[in-house]
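Engineer: Each chain, written out:
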Amino acid sequence: MVFKNMSYKNQRKLIIIAFSLIPVVLLFTFAYLPVINMFKYSFTNWNGYSDHYKWVGFKNYKTIFTDPKYFTVFKVSLYYFVATFVQMGLALYFATILSFKVRAKNFFKGVLFFPSLLNGVAIGFIFLFFFKPDGTLDTILNFLGLSSLSQGWLLNPNIINVSLAGASIWRYMGFNFIIFLGAISSVGKDVYEASDIDGANKWHQFRHIIIPSIKRIVQLNLILGISGAISAFDIPYIMTGGSNGSNTFVIQTVDVAFKFSKLGLASAMAVVLLFIVVIVTILQNLLSKKED
Amino acid sequence: MYKLKYTAASIFKYLSLIIAAFVVLIPIVVVLFASLKTGQEYANSSPLQPPTDWFNFANYKKAFIDGKMLLGFANTIFIVIVSIVGATLIGSMIAFVLSRFKFRGSKLLMGAFLLATLIPSVTTQVATFKIIDFLHLVDTRFAPILLYLGTDIIAVYIFLQFLDSISESLDESAMLDGASYFTIFFRIILPLLAPAIVTVIIVKGVNIYNDFYTPFLYMPSQELQVVSTALFKFKGPYGSQWEVISAAIIISIIPITIAFVSLQKYIYNGFSQGSVK
Numbered sequence: 003m004v005f006k007n008m009s010y011k012n013q014r015k016l017i018i019i020a021f022s023l024i025p026v027v028l029l030f031t032f033a034y035l036p037v038i039n040m041f042k043y044s045f046t047n048w049n050g051y052s053d054h055y056k057w058v059g060f061k062n063y064k065t066i067f068t069d070p071k072y073f074t075v076f077k078v079s080l081y082y083f084v085a086t087f088v089q090m091g092l093a094l095y096f097a098t099i100l101s102f103k104v105r106a107k108n109f110f111k112g113v114l115f116f117p118s119l120l121n122g123v124a125i126g127f128i129f130l131f132f133f134k135p136d137g138t139l140d141t142i143l144n145f146l147g148l149s150s151l152s153q154g155w156l157l158n159p160n161i162i163n164v165s166l167a168g169a170s171i172w173r174y175m176g177f178n179f180i181i182f183l184g185a186i187s188s189v190g191k192d193v194y195e196a197s198d199i200d201g202a203n204k205w206h207q208f209r210h211i212i213i214p215s216i217k218r219i220v221q222l223n224l225i226l227g228i229s230g231a232i233s234a235f236d237i238p239y240i241m242t243g244g245s246n247g248s249n250t251f252v253i254q255t256v257d258v259a260f261k262f263s264k265l266g267l268a269s270a271m272a273v274v275l276l277f278i279v280v281i282v283t284i285l286q287n288l289l290s291k292k293e294d
Numbered sequence: 017m018y019k020l021k022y023t024a025a026s027i028f029k030y031l032s033l034i035i036a037a038f039v040v041l042i043p044i045v046v047v048l049f050a051s052l053k054t055g056q057e058y059a060n061s062s063p064l065q066p067p068t069d070w071f072n073f074a075n076y077k078k079a080f081i082d083g084k085m086l087l088g089f090a091n092t093i094f095i096v097i098v099s100i101v102g103a104t105l106i107g108s109m110i111a112f113v114l115s116r117f118k119f120r121g122s123k124l125l126m127g128a129f130l131l132a133t134l135i136p137s138v139t140t141q142v143a144t145f146k147i148i149d150f151l152h153l154v155d156t157r158f159a160p161i162l163l164y165l166g167t168d169i170i171a172v173y174i175f176l177q178f179l180d181s182i183s184e185s186l187d188e189s190a191m192l193d194g195a196s197y198f199t200i201f202f203r204i205i206l207p208l209l210a211p212a213i214v215t216v217i218i219v220k221g222v223n224i225y226n227d228f229y230t231p232f233l234y235m236p237s238q239e240l241q242v243v244s245t246a247l248f249k250f251k252g253p254y255g256s257q258w259e260v261i262s263a264a265i266i267i268s269i270i271p272i273t274i275a276f277v278s279l280q281k282y283i284y285n286g287f288s289q290g291s292v293k
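The listed protein sequences correspond, in order, to chains A and B.
With the first sequence counted from 1, adding 2 to any position gets you our numbering.
With the second sequence counted from 1, adding 16 to any position gets you our numbering.
To be clear, the hints were calculated from the coordinates, so they are not data collected in a lab.
Glycine included, every Cβ here is placed at the ideal spot set by N, Cα and C.
Where hints are given, some of them may not hold.
[What the hints assert, rightly or not] In silico SDA-like cross-links for lysine to any residue, where the CA-CA straight-line distance does not exceed 25 Å: (1) Lys103(A) with Leu125(B); (2) Lys103(A) with Phe80(B); (3) Lys111(A) with Ser256(B); (4) Lys123(B) with Lys103(A).
[Said to hold, decoys possible] Taking CB as the label site, the calculated pair distances span: (5) Ile270(B) with Lys291(A): 14 to 22 Å; (6) Ser122(B) with Val164(A): 44 to 52 Å; (7) Ser215(A) with Lys29(B): 18 to 26 Å; (8) Leu131(B) with Leu289(A): 39 to 47 Å; (9) Gln65(B) with Val104(A): 42 to 50 Å; (10) Phe145(A) with Phe158(B): 31 to 39 Å; (11) Met191(B) with Val88(A): 34 to 42 Å; (12) Phe73(B) with Ile281(A): 18 to 26 Å; (13) Val45(B) with Ile281(A): 14 to 22 Å; (14) Val164(A) with Lys29(B): 41 to 49 Å; (15) Leu41(B) with Val88(A): 35 to 43 Å; (16) Val84(A) with Ser32(B): 15 to 23 Å; (17) Lys21(B) with Val84(A): 27 to 35 Å.
[Unchecked claim] Cβ-to-Cβ under 8 Å is the rule here; a few derived chain B residues that face chain A: (18) Ala128; (19) Ile272; (20) Ser288.
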């Protein structure tokens, strides 16, 4: 073979080029080029299909921050933001108790994790069924004698985002849980045994062994969770299409781009979103570096 | 006293676990119940009531045929397989280059792959759509495949991590035997990456199977529907026929449940490794 007779130096050059070419082209075309184009579009009034468009400067950005129709949707993110913390708290609690001796451990582990394997559409439908009038939730409340609490879970604009954020916790908690559990179990058994001998109780173990060992991974998941909260899309889109006050920023962006053909404005919205996510990530990195 | 406190904690522990299990399972179990009821039975019974006939599969038949679920599964399988094979090859190649060779720009290249994970793909979708459109790939199976290969860089990380644990002295001893870099990659590195490949298959497989947004946006034709978009179509015409929608939901859940039960260990490992970047 010709290749075999080449010097290692030439082989090296060839293999670097041959093995990098496709991945780099893909990375550039589908990860970086969209970002570059998006910045460009955000300063135009392009509708997304015609050959002509005009440069409009910062007009699109001004629209986002001055027209309440656009920036009020950020309030909806707050529900998902709060939900992220509830989700992390629950995940941490269950990961901790399941890292100690528990009966039917594998069953509980499997059940808690299972929702994170499910299809977003299936979950959306499952919760439409769960929240609909006389659906699962109302029936359970009735059964418990709490029928006075029943209401239009997905109809009342004051409660709809709580319902949707609840479905979102149901969906994502198991994922955080399994990650935390993995991190906790990477601490050797001997560490716990040694602390037992020193007379540490479960709380001490949680505070001084578990928390330090998973701090980093909790931080990482919190970041992912916060970015996820800001870019919430699947569940509200499938369940309500953004109606009754459940519109999120991403649903709105998609609608503005594809339904109302305002690609320039939609791009500006996406740029704003990207900025927020990047800032959150950088802040978090700075904070965690400072602590070390 | 100690004992009492211990028992109380234990009761609380099991109680919380049992409640959590109920919270997870009830929403799914009621859908299973509904899927086995006849239309009339569904209308006249509470959601928590089990079906009278556990073998009434009429709704499943209807959902499977009317929803063209078979087509959905075929398209999904095709996209999953091509994307996984592609991601494995591309990911392991670039990871090999990045981990084994230091050259001008190698740091920059590494940084470019790292930075890309910071961009949430949902934010750039509007511009990505225009690129796929420019390539005339909208409404083809290659739109999602290319996007899964180009924007989901998780495979590269999994391979990079794993390559760190494969000693370079292996490569060197093969070079002493006169093996070319290609031989080293295909005969030594790739087989050793097998556990990492399993992780990639699982993480990517689950993600792609469950992705709704990409196929929904890029493949509107019915012939190209995947499992998730096929399921989404039940929303309109079957709006009130919850027993049929329920059957469709269960159909979409079955494959992933079987995979989970039979591959539990790998799935747990895959997900924990796949997330630790």
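Engineer: Each hint should be assessed against the structure and marked as holding or not.
Structural biologist: Evaluation of the provided hints:
1. Lys103(A) with Leu125(B): violated (46 Å)
2. Lys103(A) with Phe80(B): With a Cα-Cα distance of about 43 Å, the restraint between Lys103(A) and Phe80(B) is violated, given a limit of 25 Å.
3. Lys111(A) with Ser256(B): Violated: Lys111(A) and Ser256(B) sit about 35 Å apart, past 25 Å.
4. Lys123(B) with Lys103(A): The hint is violated at about 45 Å.
5. Ile270(B) with Lys291(A): 14 to 22 Å: Violated - the Cβ-Cβ distance for Ile270(B) and Lys291(A), about 46 Å, lies outside 14 to 22 Å.
6. Ser122(B) with Val164(A): 44 to 52 Å: holds (49 Å)
7. Ser215(A) with Lys29(B): 18 to 26 Å: holds (21 Å)
8. Leu131(B) with Leu289(A): 39 to 47 Å: Violated: the Cβ-Cβ distance is about 20 Å, outside 39 to 47 Å.
9. Gln65(B) with Val104(A): 42 to 50 Å: violated (32 Å)
10. Phe145(A) with Phe158(B): 31 to 39 Å: Distance hint for Phe145(A), Phe158(B) is violated at roughly 51 Å.
11. Met191(B) with Val88(A): 34 to 42 Å: violated (55 Å)
12. Phe73(B) with Ile281(A): 18 to 26 Å: violated (52 Å)
13. Val45(B) with Ile281(A): 14 to 22 Å: Taking Cβ atoms as reference, Val45(B) and Ile281(A) lie about 42 Å apart, which means the hint is violated.
14. Val164(A) with Lys29(B): 41 to 49 Å: violated (27 Å)
15. Leu41(B) with Val88(A): 35 to 43 Å: violated (20 Å)
16. Val84(A) with Ser32(B): 15 to 23 Å: holds (21 Å)
17. Lys21(B) with Val84(A): 27 to 35 Å: The hinted range 27 to 35 Å holds for Lys21(B) and Val84(A), with Cβ atoms some 32 Å apart.
18. Ala128: Interface hint status for Ala128(B): holds (6 Å vs cutoff 8 Å).
19. Ile272: holds (5 Å)
20. Ser288: OK, holds: Ser288(B) within 8 Å of chain A, min 3 Å.
Of the hints listed earlier, those the structure fails to meet are numbers 1, 2, 3, 4, 5, 8, 9, 10, 11, 12, 13, 14 and 15, in rising order.
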